[in-house]
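Trainee: In order, the protein sequences belong to chains U and F.
Note that the first sequence covers residues 361 to 484 in my numbering.
Note that the second sequence covers residues 15 to 121 in my numbering.
Hints may be right or wrong, so weigh each one.
Unchecked claim - Some chain U residues judged to face chain F by a derived CB distance under 10 Å, without partners named:
#, residue
1, Asp443
2, Tyr469
3, Tyr470
As the list claims (entries may be wrong) - Residues of chain U clear of chain F, computed beta-carbon distances all greater than 12 Å:
#, residue
4, Ser397
5, Gln401
6, Gly405
7, Ser424
8, Leu425
9, Ser436
10, Lys437
11, Ala449
12, Ala466
13, Ser484
Quick caveat, the hints were computed from the structure, so don't treat them as lab data.
Heads up, the beta-carbon is just placed ideally off N, CA and C, and yes, glycines get one too.
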Amino acid sequence: QVQLQESGPGLVKPSQTLSLTCTVSGASIGSGTYYWSWIRQPAGGGLEWIGRFCTSGSTNYNPSLKSRVSISVDTSKNQFSLDMTSVTAADTAVYYCTRGGPLNSAYEYYFDYWGQGTLVTVSS
Amino acid sequence: DIQMTQSPSSLSTSVGDRVTITCRASQDIRNNLGWYQQKPGKAPERLVYAASRLQSGVPSTFSGSGSGTEFTLTISSLQPEDFATYYCLQYNSYPPTFGQGTKVEIK
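Please build the complete structure, drawing on both the sequences and the hints.
Mentor: See below:
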């Protein structure tokens, strides 16, 4: 069973960098078989895809966030991370890490396994 | 980006009722659409992929249909555990986009 767990600070000051880590168990992110993504959800709001990577494929970001986000990978720890710079109150949300579909399939952007989510509040 | 418009945004209904939720895409997405269920404080859970294929373990009271730009999720007989918010997701094109959600509440 694939499991994902987000971790990171729950409070970030405006203009600073939000950093989160996702630890994966039950699957190897280094296998290069699947895409792995970050998705966020403001309180009471909808879902927004942030970006994804595959160790055998590419790294892609939502154009609306591309200038502020980056995803990095540590295959030795089976973890991947999200950095978002210059945060504002509008970045307050629950952040989820997810697994997307297999590389080169129609399901690359279909998310099957999700972490429980972590709330990040941007406030001074 | 492809815009996904769900309707209604909320509905009040009773156990045993039939519920239909619609999702419209701003462009043709073929059958590359999924449906998710989300309960308060939990992550979304997958229900349907490829517009009409039920994920393993999803009750047969759920069904999905549609292709192109119009899609529906139907719950044939609402159960107490089905009260939740439902989201559609288009995964045909980058970036993937979700509908705004439909909250199914108890009347």
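Trainee: Mind listing which of the numbered hints don't hold for this structure, in increasing order?
Mentor: 1, 4, 5, 6, 7, 8 and 12
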